[in-house]
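K.L.:
Respectively, the protein sequence lines represent chains R and E. So the first sequence is numbered by this note's numbering: it starts at 1 and just counts up by one. So the second sequence is numbered by this note's numbering: it starts at 444 and just counts up by one.
It should be emphasised that the hints constitute simulated quantities derived from the structure, not laboratory data. The beta carbon of each residue, even a glycine, is placed where N, CA and C say it ideally should be. Treat the hints with care, as some may be off.
What the hints assert, rightly or not - Residues on chain R that point at chain E, a partial pick, calculated with CB under 8 Å: (1) Val63; (2) Thr69; (3) Ile77; (4) Leu96; (5) Gly98; (6) Trp235; (7) Ala237; (8) Thr239; (9) Ser396; (10) Ala421; (11) Leu425.
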Amino acid sequence: MDLLAARNLQALSLGFHIILVCFGVAFPIFVLTMEGLYLRTRDDLYRRIARRWTKAMAILFAVGVVSGTVLSFELGILWPEFMAKYGDVFGFAFALEGTSFFVEAIFMAIYVYGWDRLSERTHFLSGLPIPIAGFFGSLFVISVNGWMNNPVGFEEVNGVVSNINPIAALFNGFFWHELVHMLLAAIIVAGFMTASVYAVAMLRGRRDRFVRVAMIVPLTIAALATPAQLIVGDWAARTVTKDQPIKLAAIEGLGKTQSNAPWHLFGWYSASDGEVHGGIAIPSMLSILAYHDPNATVQGLDSVPVADQPGAINTVRIAFQVMIILGSGLAMLSALHLWVWWRRRRIIKGKWFLFAVGAAGPAAILALESGWITTEVGRQPWIVYNYMRTTDAVTSATGIPIALIAMGVVYLGLMFGVIWALRRLAHSPEEPERPPVAPRAAS
Amino acid sequence: MNFGLAVIAAILLVAGLTLYAVLGGADFGTGSWDLTAGRGTRAARMRALLHSSMGPVWEANHVWLIFTLVVFWTSFPTAFASVMSTMYIPLFLVVVGIILRGSSYAFRPLARGTWFEWPSAVAFGIASILTPFFLGTIVGGIAGGHVPLGNAAGNSVDAWWNGTGIMVGLMAVVTGAYLAAIFTMADASRRGEDDVAEAFRRRALVSGVLVGVVAIATLPVIHTDAPRLFDRLLQGPGLVGVIGSFLLGGVTLWLLWNRRGGLARWSGAGAVAAIAVGWALAQAPYLLPTTVTVEDAAAPSATLWALVGAAVIFVALVVPSLIFLFRLSLTDKLGHDLPPVDQEVAGV
Numbered sequence: 001m002d003l004l005a006a007r008n009l010q011a012l013s014l015g016f017h018i019i020l021v022c023f024g025v026a027f028p029i030f031v032l033t034m035e036g037l038y039l040r041t042r043d044d045l046y047r048r049i050a051r052r053w054t055k056a057m058a059i060l061f062a063v064g065v066v067s068g069t070v071l072s073f074e075l076g077i078l079w080p081e082f083m084a085k086y087g088d089v090f091g092f093a094f095a096l097e098g099t100s101f102f103v104e105a106i107f108m109a110i111y112v113y114g115w116d117r118l119s120e121r122t123h124f125l126s127g128l129p130i131p132i133a134g135f136f137g138s139l140f141v142i143s144v145n146g147w148m149n150n151p152v153g154f155e156e157v158n159g160v161v162s163n164i165n166p167i168a169a170l171f172n173g174f175f176w177h178e179l180v181h182m183l184l185a186a187i188i189v190a191g192f193m194t195a196s197v198y199a200v201a202m203l204r205g206r207r208d209r210f211v212r213v214a215m216i217v218p219l220t221i222a223a224l225a226t227p228a229q230l231i232v233g234d235w236a237a238r239t240v241t242k243d244q245p246i247k248l249a250a251i252e253g254l255g256k257t258q259s260n261a262p263w264h265l266f267g268w269y270s271a272s273d274g275e276v277h278g279g280i281a282i283p284s285m286l287s288i289l290a291y292h293d294p295n296a297t298v299q300g301l302d303s304v305p306v307a308d309q310p311g312a313i314n315t316v317r318i319a320f321q322v323m324i325i326l327g328s329g330l331a332m333l334s335a336l337h338l339w340v341w342w343r344r345r346r347i348i349k350g351k352w353f354l355f356a357v358g359a360a361g362p363a364a365i366l367a368l369e370s371g372w373i374t375t376e377v378g379r380q381p382w383i384v385y386n387y388m389r390t391t392d393a394v395t396s397a398t399g400i401p402i403a404l405i406a407m408g409v410v411y412l413g414l415m416f417g418v419i420w421a422l423r424r425l426a427h428s429p430e431e432p433e434r435p436p437v438a439p440r441a442a443s
Numbered sequence: 444m445n446f447g448l449a450v451i452a453a454i455l456l457v458a459g460l461t462l463y464a465v466l467g468g469a470d471f472g473t474g475s476w477d478l479t480a481g482r483g484t485r486a487a488r489m490r491a492l493l494h495s496s497m498g499p500v501w502e503a504n505h506v507w508l509i510f511t512l513v514v515f516w517t518s519f520p521t522a523f524a525s526v527m528s529t530m531y532i533p534l535f536l537v538v539v540g541i542i543l544r545g546s547s548y549a550f551r552p553l554a555r556g557t558w559f560e561w562p563s564a565v566a567f568g569i570a571s572i573l574t575p576f577f578l579g580t581i582v583g584g585i586a587g588g589h590v591p592l593g594n595a596a597g598n599s600v601d602a603w604w605n606g607t608g609i610m611v612g613l614m615a616v617v618t619g620a621y622l623a624a625i626f627t628m629a630d631a632s633r634r635g636e637d638d639v640a641e642a643f644r645r646r647a648l649v650s651g652v653l654v655g656v657v658a659i660a661t662l663p664v665i666h667t668d669a670p671r672l673f674d675r676l677l678q679g680p681g682l683v684g685v686i687g688s689f690l691l692g693g694v695t696l697w698l699l700w701n702r703r704g705g706l707a708r709w710s711g712a713g714a715v716a717a718i719a720v721g722w723a724l725a726q727a728p729y730l731l732p733t734t735v736t737v738e739d740a741a742a743p744s745a746t747l748w749a750l751v752g753a754a755v756i757f758v759a760l761v762v763p764s765l766i767f768l769f770r771l772s773l774t775d776k777l778g779h780d781l782p783p784v785d786q787e788v789a790g791v
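So here's chain E without its partners, still in its complex pose (with noise of 0.2 Å):
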């Protein structure tokens, strides 16, 4: 009875996270194009479009960080405090680099123009490198088994600081600029703005050739560092994963070869996806291998019960809201930015 709830909050866990790693990864990732779109007017065109894109929903893709924590202490509190003492150090970093990122989205339409603008952009360039990437080598940690269960009892620079969970920070980091420019690239085409569609197209197909570069770069590690975690992915049930991710790359790439955004929107979340369904499948049973199992940690059941209550009264609230918002923002009836408040007197 507690196992069924156990496994159903574990999924709504990882349900959780991988929403975050897709649309929150594609957020961060707009910020490794924007540090790095260059000078002249093209540049400025691709800037506007990244935060056209994702001004409105930047927000509500954070959410699901919230989301991912909230069900990770409702339903296993040990285990969330056994990681959130032992990883406080990526954990800070992470905090600050939330900060920055949200408040230059927040302060950018305002800084443009005056001195602000140039540290600020810096400042949301860096943040959204570095943010995924200690994110990624908490992920990583708790994979490769470094979090031990008790207040701070792991090492608090080994526990994320090691081979596995570099990578996973190194693939958390790429596969955001992946999406990022897949999605950009189809709301250019969809736009018109086809020099800037085009600009992102070749970004996606490089960043694409890079993630499947990182990700087999990843395997030896893995091998060494956690080598159960490598067997199940390449022969137990994360094969699963791992075979699906690497289809739909595959189909991916095809279809920005052809100039296809649209639908590659789709196949290369899917591939992001599946890396994580992978993880975790491949984790299981445990959520903190390979001493804690999900059922060892979950929350008695009344709590759990409470939790897919929590969970129904989300889908049928959230879910509907986060369509519209999607709807609107795809089909370009919300205002691209906050306007520039000098623009605005102009009519523009």
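Looking at chain R on its own, in the form it has when it is part of the complex (with noise of 0.2 Å):
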């Protein structure tokens, strides 16, 4: 009982985090792409752009530290027998994500509160170190979700932890493609979420310069990430089929180990016959994805006992179909867009553009969190995989279901001030044309 609602804790807040670090590591990026055309064509309307993303980049920033301190906390206070036996191995990497993250801190501040009295040039530079930092702080807490999946750089001997190695713990096998998956879909997420939102007022019928130029420039950076990402979720497919098999298994409901393994779209997984009932069967397919060849034999989840498998079989399974479905779709009007762009410089003509980029926002961030899913839950039930179980790494303390539903109320609460404060400022007078105080001028 206290198992799940400490696990559902942590999803939520995790849940919750991962939308704002999307925005945290690839906001700021459009932020600077707008102000850098601005210096270079001295166009105003870029300048104004950036001004007005740079507020909706300060509120999403701020609660993100609040959210990203709450993990801080909730990983002591939720999962303790998990940090005293690995605290050391993997705190080395979140000793240098506080590093980052301070200095992303530190320049956010500046670049926010600089606009218009910093000079020029002082002020883009000072938003340089903004995704700098957001890309090393990520990378250093991927490096620790990797480490979970893949754990190295110590052994164990009758459940003592000796022979650390914190640099070998830092860069273990998931480290990478879990990284370059995880900064495109910051990429992804954020472009099509700020792209989408021009789209809805393209929609409404306001079709000025500003909405048009907010809305293409991050659409096609998501659209040049998208495909990329096709690319880094094959190879991640290989890597899991590699070290964690029963995870690939539970991605499919692949009850047993065999040859040219199927792919169900759709469909149930039972775990009485170990089948997937209902779906449309791909043959061969699951021994493609995982191994690029038709024939190759992909291991069942029957390879290991049950209680070595992940419970929740279909929750993997969904969550991994809706991401491929969702990041399919994402792909193919990123090509598009790409494609009409290139050729004719224009968007494409059409209402049903604009559908479809207003509902590609939301699709992506689904899509996130369906990733995120399959990889959590996938890796039940171990929190360290094949070296500590979940279960085994929770508090003893009693009072976390009542934690659960305090904290579900704030979350809520804090979702909607979000929601409520973006849409406050986007209801907001836009920027005026000209800077009301000239660069230096202030006291």
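Join these two chains into a complex; the hints should help.
P.N.:
Next up, the structure:
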């Protein structure tokens, strides 16, 4: 009972924070792109967009700071056995993450509060460390998640951890693909979400240059990242096949080890016979996905005892399929947009395209959450793969269900607060056309 | 060998906590003054100044808490897990307070003039008082020896809801308010807002005396609750911190009396830091008094070496950046607030 409450609370907190991470990593790139365009072209429109986005960035970053702080508390509150035993193996990554986060917070403050007060050049330069620090911050956090999936850099004999190598733990086998996958996801989520806001504005009848530019730039950046994500996804799937075969089996619901393993679109996995029912079977597809070879043998769930299988096979299956379907849809939209933009230098005409872009933002967030559920639920029952079970990591404290309810209310309020604030920002008057204060003229 | 590294890690831990007590504490303290500023135009200017002083630096100030947590779990993982699991009730209250405070900072410029302004201001004020209080109860609970080693092994209520915990919680609230008043007074006089500076000077003097009263009232409580801590604070190594804090506190009151806000900023911060350092010296060599020493709890040397490496990177990157931020902020090179969206059109 308390394990379930602890897992749900952690999932709630991470599921909320991961969206803000995307904006923390990618949105500063968009803002700086706009400011850079302004500095190069002196077209005031770019400056107005950059200023407006700065406010949204500041709100999202502040909320990200608090939701990230919550996570560092919850690691210890909810999973004390995990932290007690392995905190010194992966702690190094978090120490570097803290450093990155500090730098990010400092330059975020300078950039946000420095508009029109610092010289244009200093202001732009003060923004550059933000995405760099954001990149390194997420790099180190992902390293820890990679380590939980692929624990290396230590030895364990009779439950005693020894011979710790923090550097080896940092650069574990899951580090690289998770990092690239997540960074691309951040660009895709922030890009489509921003574009989607302006697509909706265009559907409501606004067709001025501000709205068009504010949609096209993030849309194009996201569209460039999306096809690359398919390739990285393939890389991730093959690494999972090699190091976490049971997670791969859960992704399909493959009960028995077999060659020419099929992949089912839709359907429902039944634990009683280890088969997927009601789906559309694509013969040998899982073998191709996992090994690029239709005849390859794929390890099934039955290769390990039931106690070592993820309990919620269908959760993993559905999450994976949602990610794949939405990701493919976004990739098609991206390809169309890029083609038309390349050939004609304009966006696709027709309302359907604006509807599609409007839906792409929420779809990207849903794909992000699904991908994360796939990897986290698919790792179960392990918190540290093949070393520590989640059930052995959880706190002995009894009040976690109450905390879950309370935090659920708090997060709901926070979510409404963010939406309220961003909507109010969107409905507020636009930035003035000329700088209200000449640069450097401040007191 | 490992002993030396463990001591370095403990010093990093105390340094992080001390900086958080000073910088984060002052940030929390603004909430007390925001809540009690009253009505009228001067109150509005006081609030504006409180927020403009803290607006650009609050996020950086709160990263010291994350720094402290990360050093704690990397260097002393078992002790960290014991504290976090036993203290989960005040920790969750702290978490809620941090969420309320951070989000009201973020939403405030947009909330101005809407129905949301009043609730968010009240939430901000209350969270600003309760969050440092509960953080203080955790520190007091640890200092009082209420956290045994193990997964939620201590009593989840008695461990922090006890004499030492409550008194340290109160200390955290009043020292924060005291520092906030001093810092804001200095900012106000630098910007030539003399009546606001005077208002904060009075508040700084009153809260300075209050800090002294609470500190003296804490001693008999510690005497019964944690006799070892008491002895080592007044007769052992902790005495250095106690005397230092007493002297610096006196100097600060004198500076405030003579309207020397710029210098009082440093001596006031030093007085609060001295308490934190004195407590750490009094508690040494224990991390969890009186069962787990710093040496017992320390991670293997490979981890501690990595942490030292990370600390070097930290100092090289963060310290210059932080100096840059504070210099810009203290010379008013940064905007005072996120410009409220309506005024901006008017060209403010």
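K.L.:
Against this structure, judge whether each hint is valid.
P.N.:
Structure-based check of each hint:
With a least beta-carbon distance of about 6 Å to chain E, the hint placing R/Val63 at the interface is held under the 8 Å criterion. With a cut of 8 Å, the hint placing R/Thr69 at the interface with chain E holds, because the nearest CB-to-CB distance is about 6 Å. Proximity of R/Ile77 to chain E holds as hinted, the smallest CB-CB distance being about 5 Å (cut-off 8 Å). Here the hint on R/Leu96 is kept, as its CB sits about 5 Å from the closest CB of chain E, short of 8 Å.
For the restraint placing R/Gly98 at the interface with chain E, the shortest Cβ-Cβ distance is roughly 5 Å, inside the 8 Å limit, so the hint holds. Because the closest C-beta pair between R/Trp235 and chain E is about 28 Å apart, greater than 8 Å, the hint is violated. Taking 8 Å as the C-beta cut-off, the interface hint given for R/Ala237 is violated, the closest approach to chain E being about 32 Å. The restraint placing R/Thr239 at the interface with chain E is violated, with a minimum CB-CB distance near 25 Å, outside the 8 Å limit.
Residue-level restraint check for R/Ser396 holds (minimum Cβ-Cβ distance to chain E is 4 Å; threshold 8 Å). For the restraint placing R/Ala421 at the interface with chain E, the shortest Cβ-Cβ distance is roughly 5 Å, inside the 8 Å limit, so the hint holds. Of the supplied interface hints, the one on R/Leu425 holds, with its beta-carbon coming within about 6 Å of a beta-carbon of chain E, less than 8 Å.
In this structure, the hints that do not hold are numbers 6, 7, 8, in rising order.
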